[in-house]
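Could you build all of it, start to finish, from the sequences and the hints given here?
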Amino acid sequence: MESEWKFTAKDIAEKPDLFMSGHKACAGCAPATVLRLIMKATRGPTIVTTATGCMEVVSSLYPQTAWAVPWVHTAFENAAANASGIDAALKILKKKGRVKHEHVDVIALAGDGGTYDIGIQALSGAVERGHDFLFVLYDNEAYMNTGIQRSGGTPVGAATTTSPAGTVLPGKLEPKKPIADIMVAHEMPYVATASPYYWRDLITKVRKGLEVEGPAFLHVFAPCPRGWRSDPAKSIELSRLAVETCIFPLWEAVNGEYQLSPPSKVYALAPQKKKPVKEYLQMQGRFRHLFTPKFEKLLDEIQRITDLKWQKLLKKCGMA
Amino acid sequence: MKSIVEQNTLALSGNEAVAYAAKQSDVDVVAAYPITPQTIIVERFSEYVANGEVETAFICTESEHSAMTACLTAALTGARTFTASASAGLALMHEMLFVTSGCRAPVVMAIANRALSAPLNIHGDQSDSMAQRDSGWIQLYVENAQEVYDTIIQAFRVAENHEVLLPAMVCLDGFILSHSLENVNVLPDDVVRKFVGIRQFPNVLTHEGKMAPLKLDPENPMTMGPVAFPNYYFEVKRQQEEAMKNALKIIPQVHDEYAKISGRSYGDGLLEPYSLEDAEVAIVCLGSTAGTVKTVVDELRDEGAKAGLLRIRTFRPLPVNGIRKALEDVKVVAVMDKCMSFGGYGGPVFHEIRHILYEAGKHPTVVNYVYGLGGRDTSPQQIRKIYKDMQKILREKRVKNPVQYLGLRE
Amino acid sequence: MRLIIIIWEALFGELKAVENLFEVRWHGRGGQGAWTASELLARAAIYDGKHVQSFPEFGPERMGAPVTAFTRISTKPIRMHCSVYEPDAVAVLDATLLKTVPVTEGLNKKGVIVINSKESPADVRKMLKEDTGRVWVVPATEIAIKFLGTPMTSTAMLGALARVTGIVGLESIKKAVEERFKRSDIVDKNFAVIKETYEKVCSE
Amino acid sequence: MKPKEKSWKEISIAAVCWKPSTETLTGDWKTYMPVRDLEKCTRCLLCVLFCPDGAIHWKPEKGDIEFDYNFCKGCGICANECPTKAIEMKLV
Numbered sequence: 001m002e003s004e005w006k007f008t009a010k011d012i013a014e015k016p017d018l019f020m021s022g023h024k025a026c027a028g029c030a031p032a033t034v035l036r037l038i039m040k041a042t043r044g045p046t047i048v049t050t051a052t053g054c055m056e057v058v059s060s061l062y063p064q065t066a067w068a069v070p071w072v073h074t075a076f077e078n079a080a081a082n083a084s085g086i087d088a089a090l091k092i093l094k095k096k097g098r099v100k101h102e103h104v105d106v107i108a109l110a111g112d113g114g115t116y117d118i119g120i121q122a123l124s125g126a127v128e129r130g131h132d133f134l135f136v137l138y139d140n141e142a143y144m145n146t147g148i149q150r151s152g153g154t155p156v157g158a159a160t161t162t163s164p165a166g167t168v169l170p171g172k173l174e175p176k177k178p179i180a181d182i183m184v185a186h187e188m189p190y191v192a193t194a195s196p197y198y199w200r201d202l203i204t205k206v207r208k209g210l211e212v213e214g215p216a217f218l219h220v221f222a223p224c225p226r227g228w229r230s231d232p233a234k235s236i237e238l239s240r241l242a243v244e245t246c247i248f249p250l251w252e253a254v255n256g257e258y259q260l261s262p263p264s265k266v267y268a269l270a271p272q273k274k275k276p277v278k279e280y281l282q283m284q285g286r287f288r289h290l291f292t293p294k295f296e297k298l299l300d301e302i303q304r305i306t307d308l309k310w311q312k313l314l315k316k317c318g319m320a
Numbered sequence: 001m002k003s004i005v006e007q008n009t010l011a012l013s014g015n016e017a018v019a020y021a022a023k024q025s026d027v028d029v030v031a032a033y034p035i036t037p038q039t040i041i042v043e044r045f046s047e048y049v050a051n052g053e054v055e056t057a058f059i060c061t062e063s064e065h066s067a068m069t070a071c072l073t074a075a076l077t078g079a080r081t082f083t084a085s086a087s088a089g090l091a092l093m094h095e096m097l098f099v100t101s102g103c104r105a106p107v108v109m110a111i112a113n114r115a116l117s118a119p120l121n122i123h124g125d126q127s128d129s130m131a132q133r134d135s136g137w138i139q140l141y142v143e144n145a146q147e148v149y150d151t152i153i154q155a156f157r158v159a160e161n162h163e164v165l166l167p168a169m170v171c172l173d174g175f176i177l178s179h180s181l182e183n184v185n186v187l188p189d190d191v192v193r194k195f196v197g198i199r200q201f202p203n204v205l206t207h208e209g210k211m212a213p214l215k216l217d218p219e220n221p222m223t224m225g226p227v228a229f230p231n232y233y234f235e236v237k238r239q240q241e242e243a244m245k246n247a248l249k250i251i252p253q254v255h256d257e258y259a260k261i262s263g264r265s266y267g268d269g270l271l272e273p274y275s276l277e278d279a280e281v282a283i284v285c286l287g288s289t290a291g292t293v294k295t296v297v298d299e300l301r302d303e304g305a306k307a308g309l310l311r312i313r314t315f316r317p318l319p320v321n322g323i324r325k326a327l328e329d330v331k332v333v334a335v336m337d338k339c340m341s342f343g344g345y346g347g348p349v350f351h352e353i354r355h356i357l358y359e360a361g362k363h364p365t366v367v368n369y370v371y372g373l374g375g376r377d378t379s380p381q382q383i384r385k386i387y388k389d390m391q392k393i394l395r396e397k398r399v400k401n402p403v404q405y406l407g408l409r410e
Numbered sequence: 001m002r003l004i005i006i007i008w009e010a011l012f013g014e015l016k017a018v019e020n021l022f023e024v025r026w027h028g029r030g031g032q033g034a035w036t037a038s039e040l041l042a043r044a045a046i047y048d049g050k051h052v053q054s055f056p057e058f059g060p061e062r063m064g065a066p067v068t069a070f071t072r073i074s075t076k077p078i079r080m081h082c083s084v085y086e087p088d089a090v091a092v093l094d095a096t097l098l099k100t101v102p103v104t105e106g107l108n109k110k111g112v113i114v115i116n117s118k119e120s121p122a123d124v125r126k127m128l129k130e131d132t133g134r135v136w137v138v139p140a141t142e143i144a145i146k147f148l149g150t151p152m153t154s155t156a157m158l159g160a161l162a163r164v165t166g167i168v169g170l171e172s173i174k175k176a177v178e179e180r181f182k183r184s185d186i187v188d189k190n191f192a193v194i195k196e197t198y199e200k201v202c203s204e
Numbered sequence: 001m002k003p004k005e006k007s008w009k010e011i012s013i014a015a016v017c018w019k020p021s022t023e024t025l026t027g028d029w030k031t032y033m034p035v036r037d038l039e040k041c042t043r044c045l046l047c048v049l050f051c052p053d054g055a056i057h058w059k060p061e062k063g064d065i066e067f068d069y070n071f072c073k074g075c076g077i078c079a080n081e082c083p084t085k086a087i088e089m090k091l092v
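Chains as they are written, first to last, in our numbering: chain W, 1 to 320; chain X, 1 to 410; chain E, 1 to 204; chain U, 1 to 92.
Calculated directly from the structure, the hints in this document are not laboratory data. Among the clues, some could well be false.
To be verified - Think about it this way: if two alpha-carbon atoms lie no more than 16 Å apart in a straight line, the pair counts; the simulated EDC-like pairs of lysine to aspartate or glutamate are:
hint: 1; chain 1: X; residue 1: K362; chain 2: X; residue 2: E410
hint: 2; chain 1: U; residue 1: K85; chain 2: W; residue 2: E237
hint: 3; chain 1: U; residue 1: K90; chain 2: U; residue 2: D28
hint: 4; chain 1: U; residue 1: K59; chain 2: W; residue 2: D17
hint: 5; chain 1: E; residue 1: K200; chain 2: E; residue 2: E142
hint: 6; chain 1: E; residue 1: K76; chain 2: X; residue 2: E410
hint: 7; chain 1: E; residue 1: K110; chain 2: E; residue 2: E204
hint: 8; chain 1: W; residue 1: K275; chain 2: W; residue 2: E244
hint: 9; chain 1: U; residue 1: K6; chain 2: X; residue 2: E410
hint: 10; chain 1: E; residue 1: K99; chain 2: U; residue 2: D64
hint: 11; chain 1: U; residue 1: K59; chain 2: W; residue 2: E14
hint: 12; chain 1: W; residue 1: K10; chain 2: U; residue 2: E66
hint: 13; chain 1: X; residue 1: K23; chain 2: X; residue 2: E62
hint: 14; chain 1: W; residue 1: K309; chain 2: W; residue 2: E244
hint: 15; chain 1: E; residue 1: K76; chain 2: X; residue 2: E299
hint: 16; chain 1: W; residue 1: K10; chain 2: U; residue 2: D28
hint: 17; chain 1: E; residue 1: K195; chain 2: E; residue 2: E142
hint: 18; chain 1: E; residue 1: K109; chain 2: E; residue 2: E86
hint: 19; chain 1: W; residue 1: K15; chain 2: U; residue 2: E61
hint: 20; chain 1: U; residue 1: K62; chain 2: W; residue 2: E14
hint: 21; chain 1: X; residue 1: K260; chain 2: X; residue 2: E6
hint: 22; chain 1: W; residue 1: K275; chain 2: W; residue 2: D231
hint: 23; chain 1: U; residue 1: K9; chain 2: X; residue 2: E62
hint: 24; chain 1: U; residue 1: K59; chain 2: W; residue 2: D11
hint: 25; chain 1: X; residue 1: K397; chain 2: X; residue 2: D278
hint: 26; chain 1: W; residue 1: K177; chain 2: X; residue 2: E62
hint: 27; chain 1: E; residue 1: K175; chain 2: E; residue 2: D48
hint: 28; chain 1: W; residue 1: K316; chain 2: W; residue 2: D231
hint: 29; chain 1: X; residue 1: K306; chain 2: X; residue 2: E352
hint: 30; chain 1: U; residue 1: K4; chain 2: X; residue 2: E410
hint: 31; chain 1: E; residue 1: K110; chain 2: E; residue 2: D123
hint: 32; chain 1: W; residue 1: K10; chain 2: U; residue 2: D64
hint: 33; chain 1: E; residue 1: K110; chain 2: E; residue 2: E130
hint: 34; chain 1: X; residue 1: K23; chain 2: X; residue 2: E47
hint: 35; chain 1: X; residue 1: K331; chain 2: X; residue 2: E396
Said to hold, decoys possible - Covered stretches of chain W (in silico footprint by chain U; criterion: 3 or more residues with CB under 8 Å from a CB of chain U, positions within the stretch not fixed):
hint: 36; segment: 16 to 25
hint: 37; segment: 54 to 66
hint: 38; segment: 72 to 84
hint: 39; segment: 235 to 241
We treat Cβ as the ideally placed atom computed from N, Cα and C, and that holds for glycine.
Here you go:
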């Protein structure tokens, strides 16, 4: 069901912004770019539901809204549960001839907190129930809306306000939860990872997720200058470096079959092109303590873990 | 009342005062989840952990539902547990609040009061803790950062007392207190450590026919949190209500013991009357607004008006006799509720005050002002208006409209 | 009803609590340090043996969006728990706010307003919506960049406000800065900024 | 000068938002603004796609792009990502 719509920059630029200007996100917010691109990939009538979080707060500051599509927020832990309700209602109402649209796409949006931690229960339930919706995780790797507290998506060694870099502890100790692999383990039709720098790859994957009959999960990397203590101008560049260092490889899994996406396939075929993780980490204040004598050894550990996970992924993609 | 120990003055926000008190109280387990406006409590505490200043297991759970669950089970395993939440987070804990009081687990929780959704609002009102007033938790409401520091420390002693053994909520107004920096005199670590002591456990008869300390311990196996059929559920609940009654005795005792050490007291620990002796008109309220009321009462007294205030510090258990006695000679009382009881007649504190005065021989005319919802600020002028309304009722001997909304665009 | 209040206030002066209370309102944008300035002033006043309150106007502040913060300093314990309605002094960390934010709202007639600007006090007065209080200006951004290398103007405006109001001494401010910033190099640079704006702030 | 806010009787039910976000000109948050060098610009439109605020519009009828300073927050992503370095961030 490869869609014939080829995504040139002009096609995308010409489409109207369904996530409108005037939202209150900080300057240089990559999640805002991600939402704009996702809303440009829609293919028809769409309903969006969002979990409590930055993108919800900045876009629905009563009485204003940045959403040009029907949109609802109810609570923090239930974006997928919201989508389930909407999906079920649409199906039954259509059956009774009370919904005229042939098909309405349902998108659930949540941050890393709302997906890895408090929202995973509702997400797992909705996927298990096979609802027809696309769940998009915009992952800025901490609870940014409440002030940069650590989440299950926060990477090892990152300082947040509840996993601060102290004199004894070097920021977060636990590794980032492999949420996308967990969703593949749900044996769901479509799972993919994406990054806003590779905008055509991102939009293609959103489209595939929408075209799938049943649940789809898209994990989008979304740097946050405020929480990562990075230069607002570098948010998109960071989303590129994350792929180039293989810290955040791009792949998709159709019915459980892993396949590397073009931007990451480059580093499978030519490993020498892979950049050291240091290049990515040094641009972010949340990792500054790793560049001090006391915690320096953690840098090599992060490189080791990254290489290990990259090899495991290659095996799953049959390229090891 | 003079303090008998050396204390230094810190500039702390309400949240920081809570975290500081918890740090000194030798807490074993903190399981918490971030939610504005309490996040600074868990942030500051995580810094104590990261810098090795406390010996506490700090669990960043993935939801408040799990935060309360983790605190409950840790307490049943014998740990002193502490957590903090607010608004939607406290609401998400609702199910677990009843389980925690039902299991008689003495969890201490700070609540940075915040309005409940919808619409979403991050500012302070008391709809969140008022909604949990029947959950079996002790509820203490504080007026400022100094009092929240003192009350967190006292809460551990009250909750863990064997005649009580109930969880306790210490409520501070979101942002107005939680995020506002004030002078706080803190006790030395060793004095607090001695005051809260180490948790002791009452003995209970276990299924092995022996008396053993009430905690999950392989030494003395016991079953906790069972299902209770109709033949016994009612009895368990009545036993739990008895613990609440005991708390009416224990809270003042702990309060007075602490006052001797710190030199600070808040009425008798249950209620704080202010210029109430000969007052004709008086306001009854909880939390930080009481400070603004005291300021206005002083001005009205200078202008010759007999005005007073009764601040409720302990809302659960409700000090019924104390309230009756305090309001006996007052002519008109205005109860201030920072919470709406939808479909009811006035707010929850109004309900309580009116019905406990019902059979009291002499009792004042009681009216109600719902105010400050969603963090709307309450100014001295608005407090003055309430006293002016009461004086009008006193003169005209009639009440046109007992339930009013203060500061609302009608 | 309005009329009665106006007459009452004309006779007895506005409803200012009796104890000698000084209230400050700070205007800035998210990330510029308005709350930090408010807090530093409060911490300094504690060293002067005063009672204090410092709190921001609470909201989902985002970098760049307008924010306000408040400081109360008094010789007696402060029991009020509400917003500041009639500040004695206002500090504006970012002059671009004058276009959209009513910075002089409620400023009492004998009050002062200190604005971060290179313009002259007279030109700045023209930009104010209401013409109350005495206008002071100080090029805080330039001074902050000169010493700190960043346009963070919290300590710069603190120095100017301390000079204009005389509400707290430089010695106490130094102790507060040490307590808050801890690292000696940061403390020294910030205190140099404070001394500079303390001198450079000027009025009509 | 602030528009009179609606009383509780006038607002719509269940807090349904009744204003678009475009009523807030977030443009005055910026301290830097993007300025484009027309010669260097190849109209590749990357800046249009990457702008978090949708503050750069593609005008097909003019075959060119346009900066909307009402909404630009001055983050500098466009300048950073521009392949020909045609955009420079200048103090407002």
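Hints and how they fare:
1. K362(X) to E410(X): Violated, at about 35 Å.
2. K85(U) to E237(W): holds, 14 Å
3. K90(U) to D28(U): holds, 14 Å
4. K59(U) to D17(W): Judged against 16 Å, a Cα distance of about 14 Å means the pair holds.
5. K200(E) to E142(E): It holds: about 12 Å lies between the C-alpha atoms, which stays within 16 Å.
6. K76(E) to E410(X): violated, 37 Å
7. K110(E) to E204(E): holds, 15 Å
8. K275(W) to E244(W): Measuring from Cα to Cα gives roughly 6 Å; hence the hint holds.
9. K6(U) to E410(X): holds, 10 Å
10. K99(E) to D64(U): violated, 32 Å
11. K59(U) to E14(W): holds, 8 Å
12. K10(W) to E66(U): Holds. K10(W) to E66(U) sits at ~14 Å (cutoff 16 Å).
13. K23(X) to E62(X): violated, 23 Å
14. K309(W) to E244(W): holds, 14 Å
15. K76(E) to E299(X): Distance ~15 Å between K76(E) and E299(X) Cα, so the pair holds.
16. K10(W) to D28(U): Violated: K10(W) and D28(U) sit about 29 Å apart, past 16 Å.
17. K195(E) to E142(E): holds, 14 Å
18. K109(E) to E86(E): With a Cα-Cα distance of about 10 Å, the restraint between K109(E) and E86(E) holds, given a limit of 16 Å.
19. K15(W) to E61(U): Holds - the C-alpha atoms of E61(U) and K15(W) are around 14 Å apart, at most 16 Å.
20. K62(U) to E14(W): holds, 13 Å
21. K260(X) to E6(X): Given that 16 Å is the threshold and the Cα spacing comes to 13 Å, the pair holds.
22. K275(W) to D231(W): violated, 20 Å
23. K9(U) to E62(X): violated, 39 Å
24. K59(U) to D11(W): Roughly 12 Å between the alpha carbons, so the hint for K59(U) and D11(W) holds.
25. K397(X) to D278(X): violated, 19 Å
26. K177(W) to E62(X): Holds, at about 12 Å.
27. K175(E) to D48(E): Between K175(E) and D48(E) the Cα gap is close to 11 Å, so the pair holds against 16 Å.
28. K316(W) to D231(W): Between K316(W) and D231(W) the Cα gap is close to 35 Å, so the pair fails against 16 Å, i.e. violated.
29. K306(X) to E352(X): violated, 25 Å
30. K4(U) to E410(X): holds, 13 Å
31. K110(E) to D123(E): Distance of about 21 Å is beyond 16 Å: violated.
32. K10(W) to D64(U): Between K10(W) and D64(U) the Cα gap is close to 11 Å, so the pair holds against 16 Å.
33. K110(E) to E130(E): holds, 14 Å
34. K23(X) to E47(X): holds, 11 Å
35. K331(X) to E396(X): This hinted pair holds, its Cα atoms lying about 13 Å apart.
36. 16 to 25: holds (count 8)
37. 54 to 66: holds (count 8)
38. 72 to 84: violated (count 0)
39. 235 to 241: As far as the segment 235 to 241 of chain W goes, the hint holds, because 3 residues have Cβ atoms under 8 Å from chain U.
Hints 1, 6, 10, 13, 16, 22, 23, 25, 28, 29, 31 and 38 from the list above are not met by this structure, while the remaining hints are.
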